[in-house]
Structure formats: C-alpha cells, structure tokens
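Let the hints inform the model, and build the full structure from the sequences given.
Residue numbers (our numbering), protein chains in the order written: chain A, 1 to 342; chain B, 1 to 342; chain C, 1 to 342; chain D, 1 to 342.
Any given hint could turn out to be false.
Since the list gives no way to pick one copy over another, a pair counts as held whenever it fits inside one copy or between any two copies.
Unchecked claim - In the DSS-like style, the derived pairs of lysine-lysine whose C-alpha atoms are separated by at most 30 Å in a straight line are:
| id | residue 1 | residue 2 |
| --- | --- | --- |
| 1 | K186 | K275 |
| 2 | K111 | K54 |
| 3 | K275 | K111 |
| 4 | K54 | K275 |
Calculated directly from the structure, the hints in this document are not laboratory data. All of these numbers come straight from a predicted model, not from anything done at the bench.
4 protein chains.
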Amino acid sequence: MIKVGIVGGTGYTGVELLRLLAQHPEVELAAITSRAETGVPVADMYPSLRGRVKLAFSDPAKAPLSACDLVFFATPNGVAMQQTRQLLDAGVRVVDLAADFRIADIAVWEKWYGMQHACPDLVAEAVYGLPEVNRAAIRGARLVANPGCYPTATQLGFLPLVEAGCVDLDHLIADAKSGVSGAGRKAETHILFSEASDNFKAYGVPGHRHLPEIRQGLARAAGREVGLTFVPHLTPMIRGIHSTLYARISREEDFQGLFERRFADEPFVDVLPPKSHPETRSVRAANTCRIAIHRPQGGDTLVILSVIDNLVKGAAGQAVQNMNLMFGFDECAGLSQIPVLP
Amino acid sequence: MIKVGIVGGTGYTGVELLRLLAQHPEVELAAITSRAETGVPVADMYPSLRGRVKLAFSDPAKAPLSACDLVFFATPNGVAMQQTRQLLDAGVRVVDLAADFRIADIAVWEKWYGMQHACPDLVAEAVYGLPEVNRAAIRGARLVANPGCYPTATQLGFLPLVEAGCVDLDHLIADAKSGVSGAGRKAETHILFSEASDNFKAYGVPGHRHLPEIRQGLARAAGREVGLTFVPHLTPMIRGIHSTLYARISREEDFQGLFERRFADEPFVDVLPPKSHPETRSVRAANTCRIAIHRPQGGDTLVILSVIDNLVKGAAGQAVQNMNLMFGFDECAGLSQIPVLP
Amino acid sequence: MIKVGIVGGTGYTGVELLRLLAQHPEVELAAITSRAETGVPVADMYPSLRGRVKLAFSDPAKAPLSACDLVFFATPNGVAMQQTRQLLDAGVRVVDLAADFRIADIAVWEKWYGMQHACPDLVAEAVYGLPEVNRAAIRGARLVANPGCYPTATQLGFLPLVEAGCVDLDHLIADAKSGVSGAGRKAETHILFSEASDNFKAYGVPGHRHLPEIRQGLARAAGREVGLTFVPHLTPMIRGIHSTLYARISREEDFQGLFERRFADEPFVDVLPPKSHPETRSVRAANTCRIAIHRPQGGDTLVILSVIDNLVKGAAGQAVQNMNLMFGFDECAGLSQIPVLP
Amino acid sequence: MIKVGIVGGTGYTGVELLRLLAQHPEVELAAITSRAETGVPVADMYPSLRGRVKLAFSDPAKAPLSACDLVFFATPNGVAMQQTRQLLDAGVRVVDLAADFRIADIAVWEKWYGMQHACPDLVAEAVYGLPEVNRAAIRGARLVANPGCYPTATQLGFLPLVEAGCVDLDHLIADAKSGVSGAGRKAETHILFSEASDNFKAYGVPGHRHLPEIRQGLARAAGREVGLTFVPHLTPMIRGIHSTLYARISREEDFQGLFERRFADEPFVDVLPPKSHPETRSVRAANTCRIAIHRPQGGDTLVILSVIDNLVKGAAGQAVQNMNLMFGFDECAGLSQIPVLP
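Now the structure itself:
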C-alpha cells in the first residue's frame with residue numbers, strides 16, 4: 001500500500017483518478033486538494049463516489065502531500081511546475097497529468113503555453129509517461145509527464161510505422177476527433193450542451209498545443225524531425241478519441257504484422273483484425289487503445305484508426321499505469337475494468 | 001466457483017451480464033447461447049469484451065446448460081418458460097431476466113403478455129427477485145424472477161411509504177423516464193438514433209406491461225390492492241431510469257427518516273440527504289439505486305425521486321445480486337464497480 | 001412594416017427572435033443591443049445568420065430604441081422593469097420575454113425573484129401574453145408579459161379542464177421535462193455537455209419560479225386558488241418541453257371533445273387524436289403546442305401530454321405571435337415554419 | 001405552379017422534401033407514393049406535417065405520376081432506373097435523389113452498386129445535379145441525378161483547388177463525418193440510438209460507394225484522373241456533414257481569394273473568413289454549404305473544412321434547387337429558411 005495525494009481533484013481527470021484509485025488494491029488515498037472546495041466532501045460534489053471515497057477536499061497549503069509516496073497533479077497547466085521541486089525534495093514521486101513536463105524544448109513549450117517555465121531542469125529529468133515507449137525509464141522515474149489525450153491515441157497509431165521508417169515522415173496527417181470531456185469541466189460557453197450537442201466542428205486548425213507534443217514523440221521514434229498536419233475536432237459525445245491517421249507508404253511492409261508484432265506484449269494496446277473499424281465505445285471507461293490498419297483500394301496511402309477513452313488511457317488510466325510501473329505493482333493493477341457498452 | 005450459462009446473450013442485458021460475470025470472482029462462464037450467432041466469438045460481436053471473454057455463442061440445443069449450477073435467461077418474454085422445467089429437473093437453478101415468472105396471477109400475465117403460460121406451477125414456485133423485499137426467499141430459491149427495470153426503480157421508491165401505510169394507496173402516480181437501452185437491441189425504427197435523439201415522448205400511457213408488476217409488488221407490501229397511474233417516457237440517453245413518484249400523505253411521518261431506516265442495511269440502496277436531486281449518471285454502470293424524498297412547499301403531496309441504471313440494478317446487476325444470494329456469496333461480489341461519471 | 005428593437009440579443013431567445021423576425025414580412029430590424037458585444041456583427045456571433053442579418057450589436061445606451069414601434073426584451077430578469085417606462089413614454093410598445101411583468105402579486109414576485117420590483121404600476125397594466133387566453137387584451141396592450149416556457153406548455157394542457165371545473169383543483173400535478181436550452185446560454189457548469197448529456201435529473205423540486213406563474217394562470221381560469229405540485233426535469237436534448245399532467249376527475253365529461261372544442265380556432269394548438277403520444281420533435285423550431293388526452297385503464301386520473309419548443313411557442317415564437325396581435329398583422333405572419341424532423 | 005410527385009416518401013429525404021415543398025410558392029404536391037403505407041395520411045406518419053400536408057401515401061401503381069410536371073425519386077438505389085423512362089416518355093421530368101444516374105461509367109456503377117443497370121442510355125442523358133458545376137445543363141435537363149451527401153460537401157470543398165490545378169491531384173484526402181440520418185430510416189441495428197449515441201467510428205474504409213462519385217466529379221473538374229482517399233465516419237448527431245479535406249500544394253496561390261472568387265455568385269455556398277471553423281449546426285435545416293480554408297503552420301498542406309446539412313444541401317434541398325433551375329423559378333425559391341441554431 002502506498003499513500004497517494006491528488007492536487008486539483010475537481011475536474012474530470014481528478015474524478016476519474018478517484019474512480020480508479022478507489023478500486024486499486026495497492027493505494028490508500030491520503031489527500032485530495034481544491035482551494036475552491038476546501039472542506040467539501042468529495043462525494044458531495046461527485047455523488048457517484050458516495051460510500052466509496054470518504055475524503056473531503058483539503059486546502060492545498062495544509063494537505064499532507066509531503067507524507068505521500070506519490071502525488072498526481074490534475075491541475076491546469078502551469079501549476080505542477082511551481083510545486084513539484086518541493087515534493088521531490090521531500091522524497092515524493094510525482095505524475096503530472098497536465099503539460100508542464102511534456103515538452104523537452106523549453107522555448108517550444110513557452111511559445112505554445114504562453115508562460116515562462118519555472119523549472120527547466122526538472123523538465124530535463126522528467127520521463128514522458130507513454131509506457132509503450134518508455135517503460136523502463138518510467139519504472140525508475142521520480143517525475144513522470146503523463147501524455148496528452150490526442151498525443152496518446154495518435155502516437156500509438158503512428159509509432160510502428162515511424163519506428164520502421166516505412167512511410168513518408170514529412171507529410172503525416174492526423175485527423176482527430178474528441179468527446180467533449182476532453183475540454184475539461186470549465187464553465188465555458190462553447191462546451192455547453194446546447195452548443196456542443198447535435199453539432200460537429202474542427203477547432204484549433206491553425207495550431208493546437210498537442211501538435212508539438214506529438215511531433216516530439218514521433219521525432220524521437222524516427223530519429224529525425226517529422227512533418228505533421230494535426231486537425232482536432234469536437235464531436236458530440238462525452239468520452240472518447242478517434243484518431244484517423246494518414247501516411248504515404250515509402251517502403252512495402254506487412255503492415256498488419258508490423259503492428260501486431262510491435263504491440264504483442266502490450267497489455268493495453270489491442271491491434272484489431274484487418275478491415276476492422278474500432279468504435280470509441282469499445283474502450284469506454286477502460287484503459288485500452290484499439291487500433292486498425294487499412295490500405296484502401298490497395299493504394300499508396302495507409303489509414304490507421306486508433307481509439308482510446310480520453311479520460312482513461314488518455315489521462316487518469318495511463319497515470320495509474322505509470323504509477324504501477326513506478327512502484328513495481330502489476331502494470332494492470334486497478335485497471336482491469338471491462339469497457340461499458342452500451 | 002460455480003458454472004454459469006446464459007441463454008440469449010446477444011442483447012443488452014446479455015452483454016451486461018457478461019461484463020459483470022467476467023469480473024466476478026466466483027463465476028466460471030460455461031456457455032452462452034444464440035441461435036442466430038452460433039459459432040461467432042462473443043468478442044467479435046462485442047469488441048468491448050476482447051481479451052476478457054473467450055467464449056463463442058453456442059447452439060442452444062447443444063450447449064452444456066444442464067451441467068451448469070445456474071442459468072440466466074436473457075431472452076425475449078416467453079422463452080424461459082419453455083426451458084426452465086428441464087433445467088430445474090437437472091438440478092440447475094435459474095434466474096429469468098424476462099417477465100415469464102414475475103406475475104403470480106396467470107390470467108393477468110396472459111392478458112398483458114398476449115400468450116398462454118407454459119408452466120403456471122413454476123410461477124407459483126418462483127421468487128420475485130427484489131432482494132430488498134425477498135432476500136431470505138431468494139437465498140433458498142431454485143427459480144428467481146428478476147424484476148423489470150421500471151418496477152425496480154418504482155417499487156424501491158414507493159416501498160417505505162406503502163409498507164408504512166402513510167399515503168393514499170388508491171392514487172399513486174409514477175412518472176418514469178427511461179434511457180433507450182431499455183427498449184433492447186432490436187432493429188426497430190422508433191429507437192433509431194435519428195428518431196430517439198434530441199426528442200422526448202411518453203409511450204404506453206393506455207397501459208404498459210410493467211404496470212401489473214409494480215401493482216403486484218406494492219399490493220404485497222400494502223397487504224391490499226393499490227391504485228397506480230404509471231406513465232413511462234423515452235428520454236435520449238443510453239442508460240438510466242428516473243422515476244418521479246407522487247403520493248398524497250394520509251398520515252404524518254418523518255418521511256426522510258422512514259426511508260433512511262428502511263434502507264439502512266441495504267448495500268445497493270442509497271437514500272440521499274434532504275433536498276437532493278439524484279442524477280441517472282450517478283449510478284451509471286453500477287448496481288445502485290439512489291433515492292431522494294421531497295415535500296414541495298410543505299404541502300400534502302410527497303415527491304420521491306428514484307434512479308437506477310436500467311441495465312444493472314434494473315437487469316443484469318440485480319440478477320448477479322440474486323445469484324450471490326442464491327449461492328451464499330458476498331451479496332456485493334462482482335458488483336463493486338464505481339459509477340462512470342462523466 | 002414596423003421597426004423593431006431587441007434588447008439583449010446574445011442569448012438563445014435573442015437569436016431565435018432574430019431567426020423569426022428576419023423572415024417576417026412586416027418587420028424591419030432596427031437595433032439589437034448587447035453591452036458586452038457592442039460593435040460585433042450579429043452574424044459573427046451566430047454564423048447561422050450570415051447573409052440574413054446585417055446588424056451589429058449596439059450599445060444599449062446609444063441604440064435607437066425609442067424610434068422603434070416595438071421593443072422586445074430578451075434580457076435576464078430585472079432588466080426590462082428598469083427600462084420599460086421610458087420606452088412606453090416614448091410611445092414604444094414592449095414585449096418582455098423575461099419574468100418582470102408576469103406575476104400580478106408584487107409580494108409573490110419579489111419573494112420568488114429575490115429583488116424589489118421597480119414599477120408595480122406597470123405590472124398592473126401589463127397583459128399576460130398567452131394568446132389562447134388573452135387575445136383581445138393583447139391586441140390593445142402597450143406592454144405584454146410573454147409567458148415562461150413551462151407555464152405555456154402546462155397551462156395550455158390544464159386550461160380546458162380547469163375552465164370546465166371538472167377535475168380536483170387542489171391536487172394538480174405537472175411533471176415537466178425541458179431541453180437544456182431552457183437554461184439559457186450562460187457559462188455554467190451544470191449545463192455543460194459532459195454534465196447534461198446522457199443524464200436525466202429533476203431540479204428545483206422544493207420550488208421553481210414558474211410555479212407561481214402557472215398557479216396564477218390556472219387560478220384566473222378557475223376563478224379560485226388551485227393547488228399544484230410542479231416538478232421540472234432536465235432532459236438531454238436541445239429544444240423541447242414535454243409536460244405530463246395529472247388531474248383527478250371530479251365530474252365526468254367528454255374530455256377529448258372538451259379539448260377539441262376549446263382549441264378549435266387556435267392556429268397554434270393542435271389536439272391530437274385519442275391514444276396519441278406527442279413527441280417534442282414534432283414541434284421542433286415551430287410555434288405549435290400539441291396536446292394528447294389519456295385516461296389510463298379507465299380510472300379516475302386524467303393524463304394530459306403537452307409539448308412545445310421552449311424557444312418558439314415557449315419564448316420567441318409566442319413573442320412574435322403577440323407582436324402580430326398588437327399590430328394587427330395576421331396572427332400567423334412569420335410563424336409558418338414547418339417543424340424540422342428529424 | 002407545377003404539379004410534383006414523390007416516389008418513396010417515407011424516408012428522411014422524403015419527409016424533408018415534403019417539408020420544403022409544402023412551403024414552396026410554385027409547387028402543388030400531387031402525389032406521394034409508398035407501397036407499404038398506401039392509404040395512410042402522411043401526417044399520421046410524420047406529425048410534424050399535421051395541418052400542412054393533406055396527402056395520403058398512394059399506391060405507386062395507381063398514383064397520378066404521369067400527370068405531374070416533375071417527379072422526385074426518394075427511393076433506394078435501383079428503383080428509379082426501372083421507372084424513369086416511362087415518366088420521361090410521358091413528358092414528366094425527373095430528379096433522382098438516389099444513385100441510379102450519378103455514375104457515367106456503367107461498369108463502375110455496377111461494381112459498386114452490385115446490380116445490373118436497367119437503362120445505360122438514360123445515364124448518358126442524365127445531368128449531374130450539382131448547380132455550382134452544371135447550372136446551365138440542369139436548366140435544360142429532363143433527368144437530373146441529384147448528388148450524394150458526402151459528394152456534395154467534398155466536391156464543393158475541393159473544386160476550386162482542382163479546377164485551378166494548384167494541388168497534388170494524385171493524393172487528395174477526404175476525412176468526412178456524417179450525422180446518423182445519412183444512413184436513412186431503416187430498421188438496422190447499427191444505427192440504433194443505443195449503438196450510435198455517445199460513440200464515434202469510421203466505416204467503409206476499404207471502399208464506400210461515394211468514392212467513385214467524388215472521383216468522377218473531381219476528374220471532370222481536373223480534366224484528368226485524380227487519386228482520393230475517402231474515409232467516412234459516423235458521428236452522434238442527427239443532421240450534418242463535416243468534410244475535412246487535405247491537399248498538398250503544388251503551386252502557390254491566394255487560396256482564400258481563389259475560393260471567394262469561385263463561389264462569389266453562388267447563393268448557397270458561403271466562404272468564411274480566414275481562420276474560421278464552420279459548425280454543422282450553422283447550416284442545420286438550411287440549403288447552405290459553408291467552407292473555410294486553412295494552411296496550418298504555413299506548411300505545404302491545405303486543410304479545407306466544408307459543412308452541409310446532409311438532408312438539405314446534401315439531398316432534398318439540392319433537389320429543390322435543381323427543380324427551381326429546371327423550371328425557371330428563382331433558384332432560391334422555397335429555400336430561404338434560416339438555419340435552426342441552437
């Protein structure tokens with residue numbers, strides 16, 4: 001049993017962490033903080049947790065975080081970088097679900113996130129928490145940067161091709177669709193039910209913060225820079241990401257076999273049989289990524305379909321997976337929920 | 001470990017049973033039948049079960065059902081009554097999720113279900129599987145009639161009042177709203193996405209099959225006939241039932257206390273604090289009923305709000321709860337999933 | 001052609017007024033105000049109006065409202081009462097879509113709306129704009145209080161019974177369900193897509209502001225006080241209200257005929273044949289109320305089903321209907337859109 | 001006034017035709033046929049049309065179609081080709097909303113539609129009814145092949161680039177998303193509410209029937225064959241198509257200006273300002289296509305966003321637009337509805 005704290009637990013990634021951790025056999029929830037909700041029982045805000053989570057939100061300044069073995073940050077960008085050093089110095093390990101430690105190039109991070117970074121040296125130390133790429137490094141990490149939701153679905157779909165070097169790396173295209181929970185639990189007009197329901201739109205086409213994160217991950221896999229056009233869309237569902245990926249073939253391969261071999265030992269990546277079309281609901285509330293490989297009309301363009309639940313494999317579930325690795329637990333501990341369908 | 005079979009596993013209650021049973025510590029799935037899908041791996045039809053359920057659908061005629069300890073019928077009305085005697089004779093216990101054994105008065109059943117009953121004697125033996133009412137009888141039952149979804153939410157909300165005899169029993173009103181999965185997975189026009197989405201309607205106002213079932217349950221609790229107006233509605237969500245119940249007060253009581261005492265030891269009924277409004281999503285994918293008690297404006301009419309997930313506490317979850325009781329397992333075994341929110 | 005102004009045009013009733021008025025043969029849109037959006041072309045905020053509405057939002061202090069023939073207030077409660085006298089004095093007629101002039105009893109209004117009323121004398125002058133009740137008075141009115149959405153659907157469903165005095169007037173029940181647009185276009189957490197979608201709940205059961213409005217209307221029709229239990233619910237759709245009404249019969253009548261006669265000449269009330277179940281989509285984007293009458297099981301309780309589009313017959317459409325009456329236009333002018341289905 | 005008949009009026013394109021034609025100033029609805037619903041008043045099946053359409057469905061064999069000036073076929077593929085010659089011979093003009101006359105290459109058509117064509121000579125005569133391309137020919141046509149929904153959104157988005165020859169014509173990509181009404185009103189399991197709601201998936205990636213239609217249209221515009229990867233997706237909304245188009249720049253241009261000039265005189269194509277993201281709801285229930293042009297990060301890949309309502313500009317609205325051209329009416333007659341938002 002380890003003691004775990006959550007900083008900023010009122011958003012969707014926070015409540016999803018609570019759902020998963022409350023069912024985890026190796027975890028004791030020690031504290032969950034929220035400045036705005038200090039003193040409020042968590043289950044008053046989220047009745048789904050009634051009888052399952054007894055904690056109240058505590059004042060971030062007073063919470064016993066330094067007595068924890070691990071602290072998750074489920075905070076807006078820019079918060080974790082202010083508090084992580086102190087926790088690490090106290091011997092606490094940290095998983096940040098926001099973007100503070102994801103981008104190695106500080107100048108790139110500062111440009112896309114519009115603020116000065118508080119601790120570039122910790123960025124250098126942080127491990128990018130995509131277990132399918134960095135499993136060994138995550139095991140030994142003090143500080144893990146949990147990947148973004150689009151980056152998880154998109155990288156997992158492109159990785160076998162990029163590692164094998166068999167597609168045109170200068171013109172990758174990721175057409176990604178997200179459920180509305182990906183925008184968080186903020187009181188903003190554009191994600192109101194009456195705005196987002198029965199509606200579909202692209203957004204951020206000129207540039208989205210997940211673009212440099214995906215490009216960094218693919219460049220590391222390729223050993224060179226890659227060119228990527230990334231177009232996110234908002235689709236009227238709560239959970240789920242569907243990345244439709246396009247890549248021009250530069251060298252013939254058994255592409256189905258390439259994916260199957262690459263993910264053969266991965267507990268949370270499921271390569272579907274040829275001609276499959278994964279549905280987002282097939283991973284709803286579970287820590288799974290399902291991938292299908294297509295080559296329409298036998299042409300020179302591959303189409304990869306990759307789905308995850310943005311709140312699980314795209315956020316809280318992957319964070320728990322990282323925790324499992326960091327503390328030597330079974331990688332699947334607390335993550336065995338079967339997807340909820342329908 | 002017991003061996004369990006499912007007859008008719010291709011509908012929503014079937015796949016929900018599979019989701020729950022595949023995670024149950026005391027159950028070995030021995031067979032799941034479907035005439036139409038014989039030979040098809042279950043996970044091909046429901047990719048959410050890939051890697052978790054290895055079974056293929058088997059021919060009902062050949063499935064090793066008589067070697068099971070328990071068989072669930074997740075079939076249309078009228079199927080279980082044809083096959084139950086044979087199973088019981090072979091020493092197999094049975095839980096029917098359809099309506100074949102729910103109504104004690106055979107004439108009433110035949111009128112509402114439009115067919116002749118095949119085994120009235122077994123109806124007499126069957127135990128109505130609402131554990132909050134019949135726990136002891138369920139423990140010893142060979143044959144359990146699993147309640148309908150509307151009847152579960154509605155009876156649990158009315159029971160304390162009816163048992164206490166403190167409301168006008170001749171004029172109860174149940175205004176119930178169901179998600180679309182309650183209509184099953186049938187290829188019918190009126191439950192198409194483009195018909196049921198962004199739309200709300202009542203249906204079956206002249207008479208719905210769950211009316212006699214609810215009336216029977218309430219009459220047993222009251223020790224007399226009750227009068228009930230029952231109006232079901234279709235609401236554009238997948239899972240969930242919200243019963244809004246109206247009862248005229250005939251004798252003053254501490255109504256909040258009445259409900260809290262009645263359900264104090266119930267693991268799956270949660271009485272909310274005064275002035276609460278339970279949401280269906282607070283029980284999504286979990287075996288919980290949440291209830292709130294209101295007395296608007298201090299008048300003489302009580303308003304009870306009762307929510308369940310129709311596929312869990314309203315079907316498959318309650319069936320597993322009944323199984324747990326029948327076989328002496330922990331009543332909560334395999335039913336500890338936390339609701340999925342958002 | 002009359003000149004029309006709209007105060008507060010950025011909400012859903014505002015944009016719906018624009019949709020209807022831009023297609024109205026007798027109306028010239030002269031001004032639409034918004035403090036926050038001054039200078040922004042309306043079509044930039046609502047691209048659905050591109051090419052159809054050329055106006056920009058103007059500063060409320062500078063807009064040529066006093067040169068209008070009619071001004072609609074599509075503002076939060078409490079705004080119209082501050083500005084109406086000045087407009088009336090300038091000879092401008094006013095329709096308020098908010099609640100400032102709906103409740104005749106000032107003390108009741110102040111209790112439910114939590115503020116002091118600015119002009120009780122104008123409340124006394126204002127005509128409650130339900131044409132099916134007050135057509136003649138609306139024609140001559142300077143100031144019309146446009147009814148609320150729940151009150152429109154609920155009163156139209158109860159009126160024939162209450163006017164005929166054939167039901168128990170002390171125990172009426174209205175179980176009403178609204179689409180989310182009824183909550184307006186405010187950045188509030190509880191109406192986010194990820195909160196309101198795939199979810200159903202009651203709200204305001206202890207007391208909702210539309211309760212006194214409905215009671216007032218029914219009391220006027222009855223010539224005495226009435227008792228009403230009113231329970232509103234939020235249902236996951238954009239537009240639509242479905243009121244399910246319950247009344248105990250106190251005198252036998254041909255209830256179907258009663259409704260048909262009462263609304264025989266009403267252009268916007270459609271009494272359906274016996275055993276019908278009106279769907280909210282059957283009135284989507286149109287100024288129609290459809291009503292069905294049921295007497296389940298031949299008992300003593302009537303069930304009336306009444307549906308409207310909350311933004312049309314429940315707000316902007318009814319306001320245009322009132323305008324048509326006030327200015328002697330064809331009552332249906334600009335309101336002939338056929339419902340959008342699916 | 002012309003007399004118009006509709007063959008096969010029970011589907012979504014049929015009811016949408018009725019909605020538009022019932023409000024059209026130059027049209028008299030003479031007949032609407034349905035074998036299955038013969039004798040049923042249209043308004044019984046579609047209550048949204050109560051009071052607006054008096055017709056009953058008539059037997060196709062007895063309907064006075066040959067007395068019409070124009071007949072629309074809103075039938076499954078393969079029906080119109082059996083009946084068109086007889087109507088043309090009787091002097092009736094025909095618009096087919098299905099695919100029978102869309103593909104000039106009969107062998108290609110027969111391969112994708114899996115049947116033998118009944119009248120190749122009429123295919124040769126038919127005019128492809130995309131007014132933005134074939135306006136003059138449509139005016140004189142006896143027989144118009146109304147384009148598919150995906151083909152309309154996709155061709156309009158690609159056309160300026162393809163006509164100008166400034167992009168790589170061998171590697172066009174169309175990632176298209178459709179609301180569920182695009183699948184029609186058929187009782188099929190995969191488009192049930194409980195299957196399609198809160199879910200997102202691609203389908204038909206190996207090959208979709210709209211692929212050859214789009215390729216044909218773009219090839220005609222280019223004067224050569226084009227290469228296209230077309231991936232359709234199902235998104236949980238009723239109406240709307242969003243095509244996200246990718247094209248590699250082969251020659252620099254003022255791309256925004258190119259689109260604005262190309263569609264300057266088009267009444268139903270709206271080129272949005274730079275950096276816009278059109279939403280499907282901005283065209284809901286209207287005959288408009290809105291297009292935005294992006295060049296992310298100043299790279300060599302253009303991203304074009306194109307939205308329509310699949311039932312209007314993608315089907316019934318475009319059919320009415322074609323009718324207007326064929327009979328010399330104002331091209332916008334009966335098509336001036338403002339989009340319904342929210």
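Taking the hints in turn, this is what the structure says about them:
Taking the closest pair of Cα atoms, K186 and K275 come within 30 Å of each other only across two copies (24 Å); inside a single copy the shortest separation is 39 Å, beyond that limit. For the identical chains of this complex, K111 and K54 are neighbours neither inside a copy (41 Å) nor across copies (38 Å), given an alpha-carbon limit of 30 Å. For the identical chains of this complex, K275 and K111 are inter-copy neighbours only, at 19 Å across copies versus 41 Å inside a copy, given an alpha-carbon limit of 30 Å. In this assembly of identical chains, K54 and K275 lie within 30 Å of each other by CA distance solely across copies; the values are 21 Å between and 47 Å within a copy.
Hint compliance for this structure: hint 2 is the single one not met.
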